[in-house]
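Going down the list, the protein sequences come from chains A and B. Straight run, no breaks: the first sequence in my numbering ends on number 1550. Straight run, no breaks: the second sequence in my numbering ends on number 787.
Treat the hints with care, since some could be wrong.
[Claimed, not checked] In the BS3-like style, the derived pairs of lysine-lysine whose C-alpha atoms are separated by at most 27 Å in a straight line are:
hint, chain 1, residue 1, chain 2, residue 2
1, A, 1268, A, 1293
2, A, 1155, B, 694
3, A, 1222, B, 539
4, A, 1293, B, 547
5, A, 1409, A, 1505
6, B, 547, A, 1222
7, A, 1155, B, 539
[What the hints assert, rightly or not] Here are the computed distance ranges between Cβ atoms for each label pair:
hint, chain 1, residue 1, chain 2, residue 2, range
8, A, 1154, B, 763, 38 to 48 Å
9, B, 703, A, 1331, 44 to 54 Å
10, A, 1298, B, 523, 30 to 40 Å
[Said to hold, decoys possible] Far from chain B, some chain A residues (derived; all Cβ distances over 12 Å):
hint, residue
11, 1423
12, 1447
13, 1474
14, 1539
Simulated from the structure, these hints should not be mistaken for lab results. These numbers come from a predicted model, not from an experiment. Just so it is clear, CB atoms sit at the ideal spot from N, CA and C, and this is done for glycine as well.
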Amino acid sequence: MATAIEFNNISKIYRLGLVSTGTLAHDLKRWWTMSVRGEEDPYLTIGETNDRSTKGDSEYVWALRNIDFKVEQGDVVGIIGKNGAGKSTLLKILSKVTAPTTGTIRARGRIGSLLEVGTGFHPEMTGRENIYMNGAILGMNKQEITRKLDEIVDFSGCERYIDTPVKRYSSGMMVRLGFAVAAHLDPEILVVDEVLAVGDAEFQKKAIGKMRDVSKGEGRTVLFVSHNMASIRALCHTGILLNNGHIQTIGKINEVVETYIGGKKDSNNSIYEDIAIAPGNDKIRIREFSISPIHGNIIDVESGIRINLVFKNNTPNIILDTTFELRTADDVIVFHTGKVLSPDGDSRKGFYQVTFDIPAHTLNTGNYTIRIWFGQNQKYILWGTYEHHFHIENTYTNQGRNLNNLPGILKPQFDIITDYSERL
Amino acid sequence: MKEENQEWTTVIQPKEKLLQVNLREIWDYRDLCSLFVKRNITTQFKQTILGPLWYIIQPTMTVIMYMVVFGGIAKISTDGLPQPLFYLSGICLWQYFNDCLTKTSSTFTANAGIFGKVYFPRLIVPISNVISNLLRFAIQLGLFLAVYAVYQIWIIPGQIHTNWYVLLLPLLVVMLAGLALGFGILFSSMTTKYRDMTLLLDYFVRLWMYATPVIYPLSTITNEKLRLVMSLNPLTGIVEAFKYGMLGEGQFSWTMLAYSFAFMIALLTVGIVIFNRVQKNFMDTV
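Sequences and hints are given; from them, build the entire structure.
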């Protein structure tokens, strides 16, 4: 297949802090060294890696550093990474909103960007006028829009409001209209940033379906940024994981997503000897939490999972309850279930132990997070502070010769009865 | 390898060559330009009662004020022309220039939101501003022509010596637009990083009006040095040419017009080149 886009050593530097008098001094120095003395930009050599959480010495950071990759024609590439990893900067450079500091991008075909839907909507103009406006901003001409008008209106589901100023629209309708216009663009390369996060469930489904058609049916190249791993997995073939402006991994989408999520390391089973500094608060301290296989040494589909919690309760005479919430790597809640430990309001000060088993052949392979919530009289007294990551291994049993991870959250073992006869 | 040799259609680089202005791209986006023009015009008077009547009320008030202050109190000559006609002719042209300049000078700051999200040739925005301001100019010119007709037919019949030079009007308007566009984009490019210029602009434009023969005829300037300074102002020739063609008074000079035209071309070239450079990275500094 032909290469649709080629990123060549793309870097982007940003100056932090305020634009003020110091900027003029830097500008003058830059002008002096570059234009008068003909040397390189003095500030490019001192840029630091862009790590949002640590304080750096330099005012200049590399939002992107030496990004180098190619995108095949017709490929759907998901770009993932933490906030501030450089995803949006990369898309902004590709859609020509801002220029790279160094490097070159070469592309074949028109690049259409869908950075934020509804861009350029004027509140006083009607839906129809805004479709034209928005379409033209995205690079369509009038005939093109007129030809697709019915389709766009239909896709947006806003027929009734089409001749009403968009200031009377609900925010959801605005998004629908905006996406409808953008989805009917015809660029060979489509750049999409986090647009599916808005809109109701029905519309999201429609939007994902449309994006899939665009890439599969029409053979266009799509670059897609999202934090929603489920939609990334559903749409993309190739994944790029950005970390502090560098490419950390590039490859098949599933592997890249696993690497990204795997970044949350499996927690070790933990015992906190010193209860005073154990996780928790004044009311609850967690002394011990473990996740272990019921049978064997590793957690896999067939082993079953035993969850064991020991905690110290400091408040007597309340209705104490514990809830466990299990989420998949895509943040889908598998269950949120628990037990009231003292239904009669007679909790004691001291240590409680809570144990339960998730039977074998229940959960599929993959990464999971379990969170513990403590409640008192239907109010939470400790929540969100304690979470535990674990992994269910794929031991490849019971799935024939297939060595891949199979899809799905559950992997139950039903008594499937088979019968065969040559003729009925 | 055959496909590899296919030509790249888009190349994104840190900096382009100095004079590489993609005029073809601007032409490709002409539909967007016309939509911007339409939007500017239709949304301007949404939720106002008088609507486009404001275009007539504003210059009328200004003319009355000028008649009182400059004509009545300061007694500045109008070359023997009726005051309303004289002031109105100057105001029409000046107002158009003024509107275009102030509007285009905030191109980057006013559109930062949309520029930050999607790419289209940024020049479309100032160009559409200059075009949509033509409507206002046309209405005010209409007002001027109405007043002109009243004087020419009833009040002082046949005493206004309109001549063939009036046909230069379209060219004069193009020159005004070009100058305003050039100055405007230059200003907006300079203000993305350092906002000091915006504070200066207001003052600068007001001073400029007094340096342009709007409220006085060029003929009243007898001081040779002052005259030289006046003729350096590219607007002088344009305003005088219009007054000469329309009202038969004023100082028409091909040299001055040629100077204004050359000035406009040079300004536009410099303006577009700088604008083009700034537009690539302005999102990082705005």
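These are the hints, each one checked on the structure:
Distance check on the hinted pair: residue 1268/A and residue 1293/A sit about 23 Å apart at the alpha-carbon level, within 27 Å; holds. Under the criterion of a C-alpha separation no larger than 27 Å, the hint pairing residue 1155/A with residue 694/B is consistent with the structure, at around 16 Å. In summary, the hint linking residue 1222/A to residue 539/B is supported, as the alpha carbons are separated by about 26 Å, within the 27 Å threshold. In summary, the hint linking residue 1293/A to residue 547/B is supported, as the alpha carbons are separated by about 13 Å, within the 27 Å threshold.
Our distance criterion of 27 Å between C-alpha atoms is met by residue 1409/A and residue 1505/A, whose separation comes to about 13 Å. This hinted pair does not check out: residue 547/B and residue 1222/A have alpha carbons roughly 33 Å apart, beyond 27 Å. About 45 Å separates the Cα atoms of residue 1155/A and residue 539/B, which puts this hinted pair outside 27 Å; it is violated. Taking the beta carbon of each, residue 1154/A and residue 763/B are about 33 Å apart, not inside 38 to 48 Å as hinted.
With their beta carbons about 53 Å apart, residue 703/B and residue 1331/A fall inside the hinted range of 44 to 54 Å. Between residue 1298/A and residue 523/B, the C-beta spacing of about 37 Å keeps the proposed range 30 to 40 Å intact. Every beta carbon of chain B lies more than 12 Å from that of residue 1423/A, the smallest distance being close to 52 Å; the non-interface claim holds. No Cβ of chain B approaches the Cβ of residue 1447/A within 12 Å, the least distance being about 47 Å, so the stated non-interface status holds.
Under the 12 Å C-beta cut-off, the non-interface status given to residue 1474/A relative to chain B holds; the minimum distance is some 59 Å. Every CB of chain B is more than 12 Å from the CB of residue 1539/A (nearest about 49 Å), matching its label as outside the interface.
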